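> Using the sequences provided together with the hints, build the complete structure.
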Amino acid sequence: MREKVFSRLQQLLNEFLKLKQAANIKDVPEISEKTDLMDDLGVDSIETMDLMGIIEKEFQIKADLKDIMSKRKVSDIVEYILELQKMKR
Amino acid sequence: MDFRNAEKQTVVITGIGVIAPTGIGVNCLLHAIREGISSASPLTDAAFNNYPVKSVCKIDQFNPTDFLSYKDARHMTKCSQFGVSAAKLAVQDAKLDLSQIDPSKIEIYEGTSIGGMDKIFQDYDVLLAEGYEHVNPHTPIYAFVGATTGEIAITLGVRSRSLTVCSGSASSSDAIGLGFERIRTGEIDVSIVGGAETPIIPQIIASFCRTGVISLGQGDPKKAFKSFTADRNGFGLGEGGVFLILESKNHAQRRGARIYAEMAGFGNSCDAYHMITPHPKGEGILLATERALRSANATLKDVDYINAHGTGTLLNDKYETVAMKKTYGSLAYKIPITSTKPITGHLLGACGALEAVICVLAIQNAMIPPTINFENPDPECDLDFVPNTAREKTINLALSYKYGFGGKNSVLAIRRYKK
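The listed protein sequences correspond, in order, to chains A and B.
Just so you know, we're using my numbering here: the first sequence kicks off at 18 and counts up by one.
Just so you know, we're using my numbering here: the second sequence kicks off at 11 and counts up by one.
Just so you know, these hints were derived from the structure itself, not from any lab.
There's no promise every hint is true.
To be verified - Computed Cβ-Cβ distance ranges for the label pairs, DEER-style:
hint: 1; chain 1: B; residue 1: 260; chain 2: A; residue 2: 82; range: 49 to 59 Å
hint: 2; chain 1: A; residue 1: 19; chain 2: B; residue 2: 114; range: 43 to 53 Å
hint: 3; chain 1: A; residue 1: 44; chain 2: B; residue 2: 343; range: 54 to 64 Å
hint: 4; chain 1: B; residue 1: 310; chain 2: A; residue 2: 56; range: 49 to 59 Å
hint: 5; chain 1: A; residue 1: 51; chain 2: B; residue 2: 196; range: 42 to 52 Å
Only a predicted model underlies this, so the values are computations on that prediction, with no experimental measurement involved.
Ideal Cβ positions, reconstructed from N, Cα and C, are used throughout, including at glycine.
Shown next, in the form of structure tokens:
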């Protein structure tokens, strides 16, 4: 389950960054569970809000903005998604 | 500290970073100006399919993540990418350890005319087509005209002062002048100075076509752009980022830096005459020259080389010739004057920095770069424009002239460095 959530999140981040990055940058860096959204990818608070909407829609969850703002690493977001999915069940 | 009686500092150039249509790095630029090779190429972008302009001087091989981290580069406009990358190259070239410099003694000055205007126009298209919810919230932050100096300061950790100068095509010459004056008066030890510009965008090309200042560049792109000739037809647009490191001579010597040349003087003025047309009697250029020479403690007779603005528009080249005659009198016929814009294209606000570097290279290599594509002399432009082939000459003092819309005139004086 965890692997599946990570893989989908990785794909979403990839698409999101491709859409938002300067037109002359072709590739997105490799995203792992250790990737830090801010330090490695430059995702800021405005983008985090956009990203939250995408994650909520994809994983059918209702996230808390304060919670998601405090998650910096991809692994933290994976944990958070799994936690919310578990609560839903 | 009391600076009222501070001794004037000698200012030297210790680092150069070039990202230009001639290539990345100072050696590509030197090769192009020595051999007289135009960097023009066909304008093939589909956005310009219906435009009469067929050639520009663009940079094809620039990959932003070669110079910047992904997280920094992804938000930046191309203008900021060029500027920050060139500033980093200049710092590396100067072997400057920024952690060893008193943070209050280093500043940044950059010149640009339009900054990230390309991004603003792109987002405006999104606004019209898709509505306000789809507008990129970052655009005003990353694309405003002062963004590049903010990005350079963040990237290099320079906290003292970081200012953008916007005086049209004189912008980066003025920026260099401001950085020079701050060191000269002893206020700071180091300034990171230069310019960046990315004007090859539909709105700018369209408006320059309408005003007639741009060359259509039809036919062979390498032969398209001309200055001071009878058949000149405007400038070729260029893009890029160019930065220099200026230091007080004392500071440079203390750290054992290599010194390219002395930044010896700066003068500027405003015609207060017309937004586009230069003053027909060259009054503003005369005043800027007097100020630059006074600042350099030099006379008209000391000038060995002039890098002209030489855009290739009918009025600029005609009135620049008038201004040179008014300023230099009979000496105007003896001083080699070149326009290097047919080689590099016109980088608008960044041309001052690029052409200041060209003056440094000319001094270092004892070589006057040519005015290329010079086949049909104009009787109204009858000075020594060093047609087509570079000329060997020892240069002790070179002056770089740049003029911006709004009648802004800026002159830098660069002197051969003597130990």
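> So, for every hint listed, does it hold in this structure?
Results for each hint:
no., hint, in the structure
1, B:260 with A:82: 49 to 59 Å, "holds, 54 Å"
2, A:19 with B:114: 43 to 53 Å, "holds, 51 Å"
3, A:44 with B:343: 54 to 64 Å, "holds, 56 Å"
4, B:310 with A:56: 49 to 59 Å, "holds, 56 Å"
5, A:51 with B:196: 42 to 52 Å, "holds, 49 Å"
When held up to the earlier numbered hints, the structure conflicts with none and fits them all.
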